[in-house]
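Given chain A's structure and the hints, the job is docking chain X onto it.
So you can see what is in the structure, the chains are spelled out below.
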Amino acid sequence: DTGVSQNPRHKITKRGQNVTFRCDPISEHNRLYWYRQTLGQGPEFLTYFQNEAQLEKSRLLSDRFSAERPKGSFSTLEIQRTEQGDSAMYLCASSSLFEQYFGPGTRLTVT
Amino acid sequence: QKEVEQNSGPLSVPEGAIASLNCTYSDRGSQSFFWYRQYSGKSPELIMSIYSNGDKEDGRFTAQLNKASQYVSLLIRDSQPSDSATYLCAGPNSGGSNYKLTFGKGTLLTVNP
Chain A
1 DTGVSQNPRH KITKRGQNVT FRCDPISEHN RLYWYRQTLG QGPEFLTYFQ
51 NEAQLEKSRL LSDRFSAERP KGSFSTLEIQ RTEQGDSAMY LCASSSLFEQ
101 YFGPGTRLTV T
Chain X
1 QKEVEQNSGP LSVPEGAIAS LNCTYSDRGS QSFFWYRQYS GKSPELIMSI
51 YSNGDKEDGR FTAQLNKASQ YVSLLIRDSQ PSDSATYLCA GPNSGGSNYK
101 LTFGKGTLLT VNP
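Residue numbers (this note's numbering), protein chains in the order written: chain A, 1 to 111; chain X, 1 to 113.
Where hints are given, some of them may not hold.
Calculated cross-link-like contacts (lysine-lysine; reagent style DSS-like; alpha-carbon spacing at most 30 Å) [as the list claims (entries may be wrong)]:
id, chain 1, residue 1, chain 2, residue 2
1, A, Lys14, X, Lys67
2, X, Lys42, A, Lys11
3, X, Lys42, A, Lys14
4, X, Lys105, A, Lys11
5, A, Lys71, A, Lys11
6, A, Lys57, X, Lys67
Some chain A residues near chain X, calculated using beta-carbon distances under 8 Å [said to hold, decoys possible]:
id, residue
7, Tyr33
8, Gly40
9, Pro43
10, Phe45
11, Tyr48
12, Glu56
13, Phe65
14, Phe74
15, Leu91
16, Gln100
17, Tyr101
18, Gly103
Don't read these hints as lab results, they were simulated from the structure. In this text the structure is predicted, and so the values were computed from the model without any measurement. Here a beta-carbon is modelled for each residue, glycine too, at the ideal position from N, C-alpha and C.
With the rest of the complex left out, here is chain A:
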């Protein structure tokens, strides 16, 4: 059994560049979530998919952020025109019902 996987694990980019992260959920889980975590804070909800449908987006998710989950399998999170304030750990989680299991995260550093 493999857990949630995320790639890349680390990403360093220059301000203004676009980045894309990938999340592969636990195979039998139909719910997938993206969170963002900064130092000293708990994870903050960004968006949620049930199967391929994106059912909610946080106000934290500005128009520079977009997420997809084609065919209800893996998901991608894209950030366009990155800003230094986007530097954070981006966490993906999946669940079948209420218990969410996190992947290892992608640490983004915007220079």
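This is chain X only, laid out in the frame that chain A set:
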């Protein structure tokens, strides 16, 4: 704004002692709560979930939920140095499908050998 708040910490206990971690929440409709453990530089790991009033025990861990007081706690018995981590309390928003989690800021626990 639905909130989850954790006692400020950090918390330091000697090896073998009981560590008590606490959390309060504002959403009276919340039906379930989760405790995650997060080691430095790692992602959160689910260690306990609780869905009803009372206590739930799993090995050295006991979660307690008191809906009337809007209070949830985690007790770690016989604390070990390997328990040193940040512990995050999380609850889903009530209504709808109870899917997204609101997290507290976490409590840093250090267990001293």
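Hints, one by one, checked against the model:
Using a Cα cut-off of 30 Å, the hinted pair Lys14/A and Lys67/X is violated, with the two alpha carbons roughly 47 Å apart. For the proposed pair Lys42/X and Lys11/A, the alpha carbon gap of about 16 Å is at most 30 Å, so the pair holds. Using a Cα cut-off of 30 Å, the hinted pair Lys42/X and Lys14/A holds, with the two alpha carbons roughly 24 Å apart. For the hint linking Lys105/X to Lys11/A, the alpha-carbon distance of about 24 Å falls within 30 Å, and the restraint holds.
At most 30 Å may separate the alpha-carbon atoms for a hinted pair to count; Lys71/A and Lys11/A meet this at roughly 26 Å. Restraint check: the Cα-Cα separation between Lys57/A and Lys67/X comes to about 28 Å, which is no more than 30 Å; the hinted pair holds. For Tyr33/A, the suggested interface contact is upheld, since its CB lies about 7 Å from the closest CB of chain X, less than 8 Å. At its closest, the beta carbon of Gly40/A sits 7 Å from a beta carbon of chain X; the interface hint therefore holds under the 8 Å criterion.
The interface hint given for Pro43/A holds, since its Cβ lies 5 Å from the closest Cβ of chain X, which is under the 8 Å cut-off. The criterion of a C-beta within 8 Å of any C-beta in chain X is met by Phe45/A, whose closest approach is roughly 4 Å, and the hint holds. Evaluation of the Tyr48/A hint against chain X yields a held restraint, the C-beta minimum of about 6 Å falling below 8 Å. Interface hint status for Glu56/A: upheld, as the beta-carbon distance to the closest one in chain X is roughly 7 Å, under 8 Å.
Hint status for Phe65/A relative to chain X: violated, with the closest Cβ pair at about 16 Å, above 8 Å. Here the hint on Phe74/A is broken, as its CB sits about 17 Å from the closest CB of chain X, past 8 Å. Among the interface hints, the one on Leu91/A holds; its C-beta lies about 6 Å from the nearest C-beta in chain X, closer than the 8 Å criterion. Taking 8 Å as the C-beta contact cut-off toward chain X, the hint placing Gln100/A at the interface holds, the least distance being around 6 Å.
Nearest Cβ of chain X to the Cβ of Tyr101/A: about 6 Å, under the 8 Å cut. The hint holds. Checking Gly103/A against chain X: minimum C-beta separation of about 6 Å stays under 8 Å; hint holds.
In this structure, the earlier hints numbered 1, 13, 14 are contradicted, and the remaining ones agree with it.
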